[in-house]
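Chemist: This is what each chain is made of:
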Amino acid sequence: MSLLRISNLGKNFGSLVAVNDVSFNVEPGELHAIIGPNGAGKTTVFNLISGLMAPTAGKIQFEDMDIHDLPPHRRVQAGIARTFQITEIFPELTVTENLRIGVEIAAGYRLRPWLSRGEKANIREQVQKLIERVGLSTKAGRLVGELSHGDQRAVEIGLALSLQPRLLLLDEPTAGMGDQETEDVTLLMQHLHRTEKLTIVLIEHDMPLVFRLAQRITVLAQGEVLAEGTPAEIAANESVQAAYLGKVE
Amino acid sequence: MKRFAILAGVWVLLLLAPYWLPLVGGYMTLGTRVLILGLAAMALNYLLGYTGVLSFGHAAYVGLGAYGAGLTIKYLGFGTLQGIAAGVVLGTVAAVVIGPLIMRLRGIYFAMCTIAFGQVFYFIAFRWHSVTGGDDGLGGWKRLPLHFFGYSLELVQDEVAFYYVALAFFAVAVCAMGLLLNSPLGRMQLSIRENEQRARFLGLPIERHVLLAWVISCLFASLAGALYALLNNFADPRILRWDFSGELVIMAVLGGMRSFWGPLLGAAVYVVLQDYLSSITENWMSFIGLFFVLVVMFFPRGVLGVLKRARS
Numbered sequence: 001m002s003l004l005r006i007s008n009l010g011k012n013f014g015s016l017v018a019v020n021d022v023s024f025n026v027e028p029g030e031l032h033a034i035i036g037p038n039g040a041g042k043t044t045v046f047n048l049i050s051g052l053m054a055p056t057a058g059k060i061q062f063e064d065m066d067i068h069d070l071p072p073h074r075r076v077q078a079g080i081a082r083t084f085q086i087t088e089i090f091p092e093l094t095v096t097e098n099l100r101i102g103v104e105i106a107a108g109y110r111l112r113p114w115l116s117r118g119e120k121a122n123i124r125e126q127v128q129k130l131i132e133r134v135g136l137s138t139k140a141g142r143l144v145g146e147l148s149h150g151d152q153r154a155v156e157i158g159l160a161l162s163l164q165p166r167l168l169l170l171d172e173p174t175a176g177m178g179d180q181e182t183e184d185v186t187l188l189m190q191h192l193h194r195t196e197k198l199t200i201v202l203i204e205h206d207m208p209l210v211f212r213l214a215q216r217i218t219v220l221a222q223g224e225v226l227a228e229g230t231p232a233e234i235a236a237n238e239s240v241q242a243a244y245l246g247k248v249e
Numbered sequence: 250m251k252r253f254a255i256l257a258g259v260w261v262l263l264l265l266a267p268y269w270l271p272l273v274g275g276y277m278t279l280g281t282r283v284l285i286l287g288l289a290a291m292a293l294n295y296l297l298g299y300t301g302v303l304s305f306g307h308a309a310y311v312g313l314g315a316y317g318a319g320l321t322i323k324y325l326g327f328g329t330l331q332g333i334a335a336g337v338v339l340g341t342v343a344a345v346v347i348g349p350l351i352m353r354l355r356g357i358y359f360a361m362c363t364i365a366f367g368q369v370f371y372f373i374a375f376r377w378h379s380v381t382g383g384d385d386g387l388g389g390w391k392r393l394p395l396h397f398f399g400y401s402l403e404l405v406q407d408e409v410a411f412y413y414v415a416l417a418f419f420a421v422a423v424c425a426m427g428l429l430l431n432s433p434l435g436r437m438q439l440s441i442r443e444n445e446q447r448a449r450f451l452g453l454p455i456e457r458h459v460l461l462a463w464v465i466s467c468l469f470a471s472l473a474g475a476l477y478a479l480l481n482n483f484a485d486p487r488i489l490r491w492d493f494s495g496e497l498v499i500m501a502v503l504g505g506m507r508s509f510w511g512p513l514l515g516a517a518v519y520v521v522l523q524d525y526l527s528s529i530t531e532n533w534m535s536f537i538g539l540f541f542v543l544v545v546m547f548f549p550r551g552v553l554g555v556l557k558r559a560r561s
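Order-wise, the sequence lines are chains A and B. Counting from 1, one number per residue, gives the positions in the first sequence under this note's numbering. Counting from 250, one number per residue, gives the positions in the second sequence under this note's numbering.
So here's chain A without its partners, still in its complex pose:
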């Protein structure tokens, strides 16, 4: 049983067809990469899955539930968390404060005007673990607006993880990063996937990274699925090479 089933998904902006007849499934525990040239509709697919936009055609099912009509917060509650191409964080709060907000939402405390001592301690402990998980222990008290780009990305991934999602959507998590930062984020993704068995859908331009991490790859071009398969199949696919990867020696 697939965790996420996308069937004949379509999105038009007026006469512009951004996504057309896109179908693919994401299996539990899988790291599924979506690749394709700029303007292929990758981020639009993410926006449709997460509820930022409403599809003009097709269905999205998450664990047997039709989610394409739900507002974003309901999809989050169902277990889908995402990051954005341009990092979305709470800049004037510290790392700890950022993550505490996510942890409190996940605990169902969002409407609570007070917390008991035990509840507070429990939240603090979870936040602490989360900070260690994304490798920000030495920067817990810093304002995230003042952190490096790579650390801000880690905060954003931490926010997504704070929700304890069953599906994590990462939109170009290494965009604009240096080599060391890219490596850090890659190791984090690898850890989440292999050790914590988290299901991840990844949009990424860095091809060596994609082929190192992904189990399945969906290739989009001009809003349509050009190919889908294992990294080996995709690397061998001639239409993908022609349209996107260029000639491989």
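Just so you know, these hints were derived from the structure itself, not from any lab. There may be inaccurate statements among the hints.
Calculated from the model, a selection of chain A residues having no Cβ within reach of chain B, i.e. all distances over 12 angstroms [stated by the list, open to error]:
#1 Val17
#2 Ile86
#3 Lys129
#4 Glu132
#5 Gly141
#6 Ser148
#7 Leu188
#8 His205
#9 Ala232
Here's a subset of chain B near chain A, in silico, CB distances under 8 angstroms, partners left out [what the hints assert, rightly or not]:
#10 Ala334
#11 Ser440
#12 Glu443
#13 Arg447
#14 Arg449
#15 Leu451
#16 Ser508
The beta carbon of each residue, even a glycine, is placed where N, CA and C say it ideally should be.
Given the coordinates of chain A, assemble chain B onto it according to the supplied hints.
Modeler: Chain B in isolation, oriented as in the chain A frame:
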């Protein structure tokens, strides 16, 4: 520790105001006015500074609080406390009714709609002369003595006693806001101010949380309004008008909208400047305007923001 010292300092100053105020050339009703308008500005700032939503129509809820208290005391024979309760209920109910209509709007569109709804109440008070006194305001009533446990507290003659009554309500309201802002509920508001998109994709139903912050903010604004009417023994239609909303925004921004106590300081600066300048010149508003422009240009975080930076 530093935070505790500041808190203690603020409360000692407020508690001892009747004693030190005359020494610096102030008088009691001026102090009470600062306190009450400070509460109104802090209530506005609960929405502006801590949820990131600018209301330009908070005068409406201050005014409804004032008229709610005045009308019930004048026509229904309510006591002082019941009058305050009536004002708070009237303002809060109006916020609950209007809030859902404007929650989907953001930024300038939200601000415009709050002005529009605010002006509706102003014109009702202005036109309905037989009940509200129209442009003359609602007079002909007085705050009544408080009775509790066999004691009776005279408020009409005794401005100091009324200051302490106002301070008691101020303390309850400010503690409630402070506790809320330090709770998960308050942190959700903060997250909306910081990044609405991120908050939405953490699973927050944004509109419902903004609505909640709006209602809480309007509730405390109407409490301030009820106290303000009692201070003057009079409800003035001008505190329903949109320029009074602007004054509240000015107080919040002057004092520093990212600090909890900033708006109280802003109210103090505004009220004292107004009191002092208006005794010298009829054009006092232009001096306050100039002062406001200078603060916004050079100290965008307000007076308290500057003090904070100087200390650190």
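Chemist: Could you check the structure against the hints above and give me the numbers of any it violates, in ascending order?
Modeler: Hints 2, 10 and 16 contradicted; others consistent.
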